[in-house]
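In order, the protein sequence lines correspond to chains A and B.
Residues in the first sequence are numbered consecutively from 1, following my numbering.
Residues in the second sequence are numbered consecutively from 1001, following my numbering.
Careful: at least some of the hints might be erroneous.
To be verified - Derived Cβ-Cβ restraints for the label pairs, each shown as a range:
| hint | chain 1 | residue 1 | chain 2 | residue 2 | range |
| --- | --- | --- | --- | --- | --- |
| 1 | A | Lys69 | B | Gly1176 | 56 to 62 angstroms |
| 2 | B | Leu1068 | A | Asp13 | 54 to 60 angstroms |
| 3 | B | Leu1206 | A | Asp13 | 43 to 49 angstroms |
| 4 | A | Asp13 | B | Met1147 | 33 to 39 angstroms |
| 5 | A | Glu217 | B | Met1147 | 39 to 45 angstroms |
| 6 | B | Leu1059 | A | Asp71 | 19 to 25 angstroms |
| 7 | B | Lys1138 | A | Asn19 | 26 to 32 angstroms |
| 8 | B | Gly1126 | A | Glu25 | 28 to 34 angstroms |
| 9 | B | Gly1126 | A | Asn64 | 23 to 29 angstroms |
| 10 | B | Gly1075 | A | Asn73 | 18 to 24 angstroms |
To be verified - To be clear about the criterion: a stretch of chain A counts as covered by chain B if any three or more of its residues have a C-beta under 8 angstroms from a C-beta of chain B, and this derived list gives those stretches:
| hint | stretch |
| --- | --- |
| 11 | 79-86 |
| 12 | 194-204 |
FYI, nobody ran anything at the bench for these hints, they're computed from the structure.
Since we're looking at a predicted model, the values are computed, not measured.
Cβ atoms here follow ideal geometry from the backbone N, Cα and C, with glycine treated the same way.
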Amino acid sequence: MISVKKLTKKFDDLVVLNNIDTEIEQGEVICIIGPSGSGKSTFLRCLNMLETPTSGQIIFEGNNLTDPKVDLNLHRQRMGMVFQQFNLFPHMTVLDNLTCAPIMLKKESREKAEQRGIDLLKRIGLADKAKAWPAQLSGGQKQRVAIVRALCMEPDVMLFDEPTSALDPEMVGEVLDVMKNLAKAGMTMVVVTHEMGFAREVSSRVLFLADGIIAEEGKPDQIFREPKTDRLKGFLAKVL
Amino acid sequence: MSAWIATLHQTFIETGYWRQMLLGLQNTVYITLGALCIGVVVGALLAICKFFSEGNRALRPLELFCDLYTTIIRGIPMMVLLLVFFFVIFSGTRNKLGVCILAFGLNSAAYVAEVIRSGINAVDRGQMEAGRSLGMSKIQAMYKIVMPQAIRNILPAIGNELITLVKETSVAGYVGVMDLTKMGERAKSITFDAVNPLLVVALTYLIIVLGLTRLLKMAERRLNRDKR
Ligand SMILES: Nc1ncnc2c1ncn2[C@@H]1O[C@H](COP(=O)(O)OP(=O)(O)OP(=O)(O)O)[C@@H](O)[C@H]1O
Ligand SMILES: [Mg+2]
């Protein structure tokens, strides 16, 4: 679904991603772990071109996103993204947050968009918040709404950048539950996370990013039970 | 007290000078509102040009032009700018009021452009990114997501610019435009009443400014209704 080919990203002289190759298949749930500053966010943001790669290619469903001629906006509609800081639109109600993109970009009727929005809100238990403002929600509620907002575009893949890192501990669970359900429903997901429990339980593959490369990758059992590199062993010793 | 009222009567009513004062007030209002319109339109254009030319190599000259414009205008006192407009750019003009409005307007534009730019910059970068990640173009995200939030920062600042502008227009008399201040001065020299014309002029500015300040507060409250 997404092929990453020789992806390199530099900020001035700082090489953050160094010649990364990987394939993300339909239905995979990939967790990206690694030390702070290792380029996890940068990698994720390159996938939907929020960050322009210095060199290399991102091929999404057969389209080369790094080609300047490609219509990025069209392809981004099929890649949802969830941010650490939620980034809900504070000047819109929860429901408008969900419906504004489908109405604007897919020319959906308001009724249809609102119906889907409310259905999805029901599924995460927030139907009563449809008319609330984002500022009236707790962190966990905000992040669940942010996930639903991305889902309203009916994307083929969902990208998560540390979706629970800005939350109080008691709210982490509710957000992870929504993500688990999404994974069960077969959504292709790429998740940058510090939640090793989630990575272990839900992911189909774990990428360990360090020093600008995928230093180790594999099934969660393999990564967490039998780490091969010293780099990963050291990292796991610190976080587990 | 009654002696003072008699003086007032003498200075403004008997001479019929109240009419002149009103005319002066009218000109002050024209200059202010005209300049505000020009300032907002040109300022917005400058801000938009700057926004889209930032980090775009092909549009670098445009960005330079915008920077140059704001730097030059903001570095020159309004008074000097006005003199340049009258005696250099439009020397010998008949339409003094028009040139005056243009000068104040183009001056305001530089400040309005800065106000809009910083209003946009004050909106969290994540907002634009969230819009873009849903598939919106830069323009769509700007219009639907960033601008409505930036307006909250921009409108109050433009209100402040308006208040500054009202007071700044009092130098218009230097180039022979009959604004409120100039009329007050003339009343002073014609009636030999040195106190009351200036008092009335000062009070009029004060009342306008206080009125505008109140309007601004009300507008701000409305804008922030959903922020909570
Ligand atoms: N816009 C930028 N300009 C310059 N340097 C940047 C920029 N964004 C990121 N970096 C640098 O790139 C490196 C990787 O950053 P990145 O945010 O991808 O790390 P991360 O793995 O997500 O870290 P964290 O776990 O703290 O979120 C860091 O050294 C960071 O300082
Ligand atoms: Mg990060």
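In rising order, the numbers of the hints this structure does not comply with:
2, 3, 10, 12
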